[in-house]
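> Sequence:
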Amino acid sequence: MKKTTLILSLFVFLFSCSKSEDVKTEEKFAVSGEQITLTDLQKKTAGVEIVSLGSETIANKILLTGQIDLPPNAMAEVSSNSGGIVKSARFLPGNYVSKGQTLAILENPDLAALQQEYLQAKSNLGYARKDYERQKYLNKFQASSDKVTQRAANEAQSQNAAVRGLESRLKTYGLNPGAVSSGNIQKSIAVVAPISGYISQVNVTLGQHVSPADVLYSIVNNQRAYLALKIFEKDLGKISVGQKVYAFTNQNPEKKYAATVALIGKDFAPDRSVYVHCEMNQKDAALIPGTFMNAEIEVNAEQGLTISDDAIVTWEGKQYIFEEVKPNTYKMFPVKIGNSENGITEILNNASDFHHKKFVSKGAYYLLMALKNMEE
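The sequence shown begins at 1 in the UniProt record's numbering and counts up by one.
Worth flagging that the hints you see were computed from the coordinates, not collected in a lab. C-beta atoms are modelled at their ideal positions from N, C-alpha and C, and glycine is treated no differently. Heads up, some of the hints might be wrong.
Said to hold, decoys possible - Listed below are the simulated DSSO-like cross-link pairs for lysine-lysine, each with C-alpha atoms no more than 27 Å apart in a straight line: (1) 255 <-> 283; (2) 187 <-> 87; (3) 326 <-> 357; (4) 283 <-> 230; (5) 266 <-> 61; (6) 255 <-> 244; (7) 43 <-> 318; (8) 230 <-> 266; (9) 43 <-> 283; (10) 255 <-> 230; (11) 171 <-> 147; (12) 238 <-> 61; (13) 61 <-> 331; (14) 256 <-> 238; (15) 43 <-> 266; (16) 372 <-> 362; (17) 147 <-> 130; (18) 326 <-> 283; (19) 230 <-> 256.
To be verified - FRET-style restraints, in silico, Cβ to Cβ: (20) 81 <-> 57: 21 to 29 Å; (21) 302 <-> 39: 38 to 46 Å; (22) 373 <-> 290: 19 to 27 Å; (23) 181 <-> 81: 39 to 47 Å; (24) 185 <-> 290: 44 to 52 Å; (25) 120 <-> 201: 17 to 25 Å; (26) 250 <-> 211: 39 to 47 Å; (27) 40 <-> 237: 27 to 35 Å; (28) 260 <-> 117: 48 to 56 Å; (29) 236 <-> 39: 53 to 61 Å; (30) 255 <-> 98: 52 to 60 Å; (31) 302 <-> 334: 21 to 29 Å; (32) 85 <-> 201: 18 to 26 Å.
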């Protein structure tokens with residue numbers, strides 16, 4: 001509304017006059033079809049500036065859509081190998097945790113039995129080794145048969161395997177076999193974070209009985225986030241690894257996130273699209289997994305005719321620039337526009353259309369409003 005009022009005020013200031021008071025003013029201002037003539041004062045007041053079309057390198061762009069995603073090693077679902085009763089759990093969604101940090105404490109009476117089994121196995125191993133050494137000594141002096149000695153060796157090997165297996169189980173539950181060997185029997189275990197990142201889901205409460213199949217926490221490492229885009233078959237040949245990508249959200253399209261094409265999928269989805277993996281040049285905590293993104297990929301940068309964005313006006317769905325046909329006289333010139341970049345827009349008309357011609361770079365919108373208002 002303010003813009004319309006400003007334009008109308010300017011129009012009144014520039015062009016309104018009384019037929020009875022000033023015939024000369026009418027002679028200095030004329031509209032003929034798509035052409036308008038200004039006085040020097042009117043031109044200055046409207047801020048009209050004249051240029052020739054430039055020649056710039058502007059990249060063609062493909063507009064794609066996608067979302068922020070994470071690689072498999074940046075996501076973790078945390079469960080307990082032993083199950084048990086939850087005795088401690090203090091983290092909430094959004095909390096940051098480091099790899100190895102304790103997330104919850106579980107109590108499981110079966111752990112005591114496992115540790116006792118381990119201690120018994122170690123005792124059996126010690127006895128089996130001593131028996132083997134004794135039989136080997138006796139066999140040396142033919143006081144024991146080879147068969148008995150071999151049986152003792154097999155028993156020692158069997159007991160050693162049993163101990164190693166139980167040690168592996170203890171480590172799986174987060175228990176230290178050395179501490180158990182010292183008689184430190186534990187009935188609780190710690191559930192620790194397998195990766196560093198943010199807690200995204202909590203599915204645990206105090207006193208809850210959990211099984212090894214239950215997911216207690218979900219963790220995501222947003223520092224590993226990447227941009228996953230979809231490109232359709234018709235544009236696939238235009239994409240290559242290393243190309244620049246500029247992504248933006250629907251909520252803030254002015255803020256661009258730079259990325260680089262890192263991987264291109266090798267098969268088609270049912271909708272004939274292909275996955276494109278883009279690495280973000282800079283990480284932003286605001287871009288959480290699942291954030292919908294738009295993206296532009298620059299392809300086939302070419303040199304062409306350009307003019308400033310301010311020079312282009314739209315009337316009835318078509319684009320125009322104003323040609324200076326003679327000093328202070330301007331004519332609407334239809335153009336086909338291409339890509340825009342850094343305040344300039346590519347003009348797709350034949351270059352011969354613009355030889356030895358000059359065009360309005362500033363003040364074009366005001367010329368359009370004045371021209372069309374006078375026609376009415």
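> Taking the hints in turn, state whether each one holds.
Hints versus structure:
no. : hint                    : in the structure
1   : 255 <-> 283             : holds, 14 Å
2   : 187 <-> 87              : holds, 11 Å
3   : 326 <-> 357             : holds, 10 Å
4   : 283 <-> 230             : holds, 21 Å
5   : 266 <-> 61              : holds, 22 Å
6   : 255 <-> 244             : holds, 16 Å
7   : 43 <-> 318              : holds, 25 Å
8   : 230 <-> 266             : holds, 12 Å
9   : 43 <-> 283              : violated, 49 Å
10  : 255 <-> 230             : holds, 21 Å
11  : 171 <-> 147             : violated, 37 Å
12  : 238 <-> 61              : holds, 10 Å
13  : 61 <-> 331              : violated, 31 Å
14  : 256 <-> 238             : holds, 22 Å
15  : 43 <-> 266              : violated, 59 Å
16  : 372 <-> 362             : holds, 18 Å
17  : 147 <-> 130             : holds, 17 Å
18  : 326 <-> 283             : violated, 54 Å
19  : 230 <-> 256             : holds, 18 Å
20  : 81 <-> 57: 21 to 29 Å   : violated, 59 Å
21  : 302 <-> 39: 38 to 46 Å  : holds, 41 Å
22  : 373 <-> 290: 19 to 27 Å : violated, 50 Å
23  : 181 <-> 81: 39 to 47 Å  : violated, 21 Å
24  : 185 <-> 290: 44 to 52 Å : holds, 45 Å
25  : 120 <-> 201: 17 to 25 Å : violated, 40 Å
26  : 250 <-> 211: 39 to 47 Å : holds, 42 Å
27  : 40 <-> 237: 27 to 35 Å  : violated, 54 Å
28  : 260 <-> 117: 48 to 56 Å : holds, 55 Å
29  : 236 <-> 39: 53 to 61 Å  : holds, 56 Å
30  : 255 <-> 98: 52 to 60 Å  : violated, 30 Å
31  : 302 <-> 334: 21 to 29 Å : holds, 22 Å
32  : 85 <-> 201: 18 to 26 Å  : holds, 21 Å
Of the numbered hints stated above, those contradicted by the structure are hints 9, 11, 13, 15, 18, 20, 22, 23, 25, 27 and 30, listed in ascending order.
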